[in-house]
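Take a look at the letters that make up each chain.
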Amino acid sequence: MSKYKVNLKINNLNVSVDEGTTILEAARQLNFKIPTLCHHDDLCVAGNCRVCVVEQVGNRVLPASCATPVSEGMEVLTNSMKVRQARKNIIELLLSEHNADCTKCFKSGYCELQELSNEYRTGDHIYLDVRTNNTIDISSPSIEKDDSKCIRCQRCVRTCTELQSVSALAVTHKGKDMKISTFLDKPMNDVVCTNCGQCINRCPTASLVERNYIDQVFDAIYDPKKFVVVQTAPATRVAISEEFGLGPNRSTGKMVAALRRLGFDKILDTDFTADLTIMEEGTELLTRLKEALVDGKEVALPMMTSCSPGWIKFQEHIFPDMLDNLSTCKSPQQMFGPLAKTYYAEKINKNPADMVVVSVMPCTAKKYEADRPEMRGSGYKDVDFVLTTRELGRMIHQAGIDFEKLDDEKYDSILGESTGAAVIFGNTGGVMEAALRTAYEIVTGREVPFANLNIKPVRGMEGIKEASVKIKDVKSEWSFLEGVELKVAIAHGLSNAKLLMNKVKSGEANYHFIEVMGCPGGCIGGGGQPIPTNMEIRKKRAAAIYEEDEHLALRKSHENPEVTEIYKSFLHEPLGHRSHDLLHTHYTPRKRY
Amino acid sequence: MDNKIKKVDLIFEKVDYLEILDRSFKRTQDEIILDVIDSGLRGRGGAGFPTGLKWKFAKNEEADQKYVICNADEGEPGTFKDREILTQAPEKVLAGMALCGKATGANEGFIYLRGEYNFLLPSLNATIDKFHKQLKELKFDFTVRIKSGSGAYVCGEETALMESMEGKRGEPRNKPPFPTTAGYLGKPTSINNVETLVFALMIAKEGPTKFREMGTFDSRGSKVFSVSGDTPKAGIYELELGMSLEDFVNEFGDGDTKAVQIGGASGFCVARKHFKETVIGFEGIPTGGSMMLFNSSRSMYNILNDYLEFFEEESCGQCTPCRVGCQQLLKGIEAVKKGVRPPAYLDDLQKLSETMKLASKCGLGQSAPNPFNSIINNFREEIIY
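Residue numbers (the numbering used here), protein chains in the order written: chain A, -11 to 581; chain B, 51 to 435.
Don't read these hints as lab results, they were simulated from the structure. You may find that some hints are simply not true.
To be verified - Mimicking EDC-like on lysine to aspartate or glutamate, the simulated pairs with C-alpha atoms at most 16 Å apart in a straight line are:
id: 1; chain 1: A; residue 1: Lys493; chain 2: A; residue 2: Glu279
id: 2; chain 1: A; residue 1: Lys76; chain 2: B; residue 2: Glu404
id: 3; chain 1: A; residue 1: Lys70; chain 2: B; residue 2: Glu404
id: 4; chain 1: B; residue 1: Lys218; chain 2: A; residue 2: Glu150
id: 5; chain 1: A; residue 1: Lys76; chain 2: B; residue 2: Asp398
id: 6; chain 1: A; residue 1: Lys167; chain 2: B; residue 2: Glu431
id: 7; chain 1: A; residue 1: Lys486; chain 2: A; residue 2: Glu450
id: 8; chain 1: B; residue 1: Lys308; chain 2: B; residue 2: Glu404
id: 9; chain 1: A; residue 1: Lys486; chain 2: A; residue 2: Glu150
Work out the full structure, taking the sequences as your base and the hints as a guide.
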């Protein structure tokens, strides 16, 4: 659809833009930067912080440029006397209610309010202090909420409602008491929050940050009695570079080198257990299909992936009647933990009681997941500490390691070998693609019928994707699948997940297998990933993931030699007795409030 | 009564509203709207947008559904005329809504009733039931329902009101789009004050001329005033617009009037020395009806303090200039009074109030500094000492 062009003047320069463009976007086209705080590319317009106000000739008031569409003949000034005065006053007002303990603040250096006040050199602090005392909510193992730093921009509320359909955060009270809170002001851990951390990614200040475990991890590293192993998630390796101003980049080797320099005893890979997940989950799917098609049993289908802990908690709260559809497989992080403290401990001759398993995740919900009482398959807490990509970045900075100059290093063995199929777990559609690569081959003995193993229909940033694969010429033991058209769907971001679940529930859509990732773009857009985030950044991270996959010699989970070995010597078979004890879990129905 | 103050009786006049409607329904939409435009009627809620234009904008929108809303969220401190209109002449309000429905092409209307006025519900609902039957006889498809507010002042702001009606938190929206384009449920909506709707009905009855000939160029017709404060004659009066404040005070004052707050908490405070040149109307100081008189026994500091406490609490809190600005103005005058800040701090606060006027998202934040500025300008010494 062609759009009408609208002609206007910004700071006396002519510009012609599409109808419906905001003044802010039009100014960006002319390379005029207008400061913003409540605006976020991923979210709907709010227009409530007012730092983006501009002067519009003929308008009595200063409109918010983020919320005002252009109109023909409009004349806009983005930096007039009036605008400057108003903007400065507004920043001052925000500072007067903000707990500006910048030197101690976790967000110092990448706080948008700090950046703006530095830019405007608001040193005078003319206004009275109107901060209110509050206690920081640390009830959640994932998210820390500090209202004293909140500027009420409502980005978190819009994230929680629009992007995630969770609505754990909402605006309550009015006037001076207006704040962002939860249902009945309950602690974050007692509400419907899924710990996805998307609010953290969009909070301009440090009102919402992850619970950080940096000191605990360093304490473990320095403790000579402890044997500290670290596992790294697929999506961290393409984003950690952003913490050093290097943009989204493949930096697996540098990350491994940095971890080694930080003093971890062994650098291992969650990708190994991602491959293992495919073996377990793929077998589970095929078993469910067999039970349904051959044995005529009542089996919960479609089967749904269980790698994303934000998604799992969402499902427990919102669709507690569909928990049987979830794969019983633990997430790769939680498969790694118990294997490290049993299989691996035995191999390296360590007492699991002396082991500390740390994971580096693109995720905040993983912190909650590691704390679940059922995640103690090894007899110990399987995963002791979970760090976000950001926390790892902070540790590397603190240790004085020059990330950019590091030479690539390799993961330790065992539990360090992985395939391209595991790397793509980081992208939306990745688990599905990895599962199809393996399941199709198990059933037919042939590779998936897609060029270079790249299953394009399950890739991309579309909210809900559908695909189907016709299964033909199967091996004799899978004859019941001959001619079956395997239907799959993929959703990322919990709003999309909710849409998809409602379709499945109503019978409007039928699938065999569904992949859901709680965060937009999958784990690469996770709540523990570097800040800022937007579609452009997520696309770059996703591209880096696919590039990593293409560069690996092994690209199918069942070809991972360490996976073959662990089945041979320890697990014996997928869904076997040991797998059941260590690699599978159950879910808990929860209320919405 | 002094002849400079002219009492009018349009709002409460008993009329055959069904006859007016019957006649109007036979006219075209444009004819009805043109009469309202010609009359010069401007919104009686306080902001004073030309009513005929508003109706025309709504009429010109193409939509499968349009709405009429009667704004009865009468929350401005010192205003109580809508309550009286809804008590004494509810049929005329409903008829005004139906007229607006006809003119704009809407078949559904809502009264957004201030929560504190819920005691009116039984009688209003009975009147609505009767009105629906009467409309059926006139073969006109229009229904009215009541939605109750919950006590937030900001919900009188038209877009916050619509958010509230939609079951959401009552926070003003960004404009544009204006309600005539995208209002209640995103549909074209004409939202009018209770009194405005009754005047529209009376204009349909009498034609535009009689209304236009009253008042002044900018402020046509008459207006219902809520008179309160230090006056022996507190109450509701319909008066022709355009009178000077001096004439008003001569009529309603107690002989010792020191200042008049025109337009409620969000209006302006006028000191005695300016009574003569102050016109009550859109060319001077407009009001949604509230006229509060203060005599020399009153402390202007306390009055301002009250208003600012009101705004500090009644700001919806979403936009920075209003949420924090209101707190700063209140804390600021307290600090000056206590000597924690020098008197010159009031000048800083006046600069802040300029920012609030320019940069707040809605009318609340834009007008909250009005009492501050007008009281500081007129009674600075009372604030400081």
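Hints, one by one, checked against the model:
{"no.": "1", "hint": "A:Lys493 with A:Glu279", "verdict": "violated (21 Å)"}
{"no.": "2", "hint": "A:Lys76 with B:Glu404", "verdict": "holds (12 Å)"}
{"no.": "3", "hint": "A:Lys70 with B:Glu404", "verdict": "holds (9 Å)"}
{"no.": "4", "hint": "B:Lys218 with A:Glu150", "verdict": "holds (14 Å)"}
{"no.": "5", "hint": "A:Lys76 with B:Asp398", "verdict": "holds (13 Å)"}
{"no.": "6", "hint": "A:Lys167 with B:Glu431", "verdict": "violated (36 Å)"}
{"no.": "7", "hint": "A:Lys486 with A:Glu450", "verdict": "holds (15 Å)"}
{"no.": "8", "hint": "B:Lys308 with B:Glu404", "verdict": "violated (26 Å)"}
{"no.": "9", "hint": "A:Lys486 with A:Glu150", "verdict": "holds (11 Å)"}
Hint compliance for this structure: hints 1, 6 and 8 are not met, and every other hint is.
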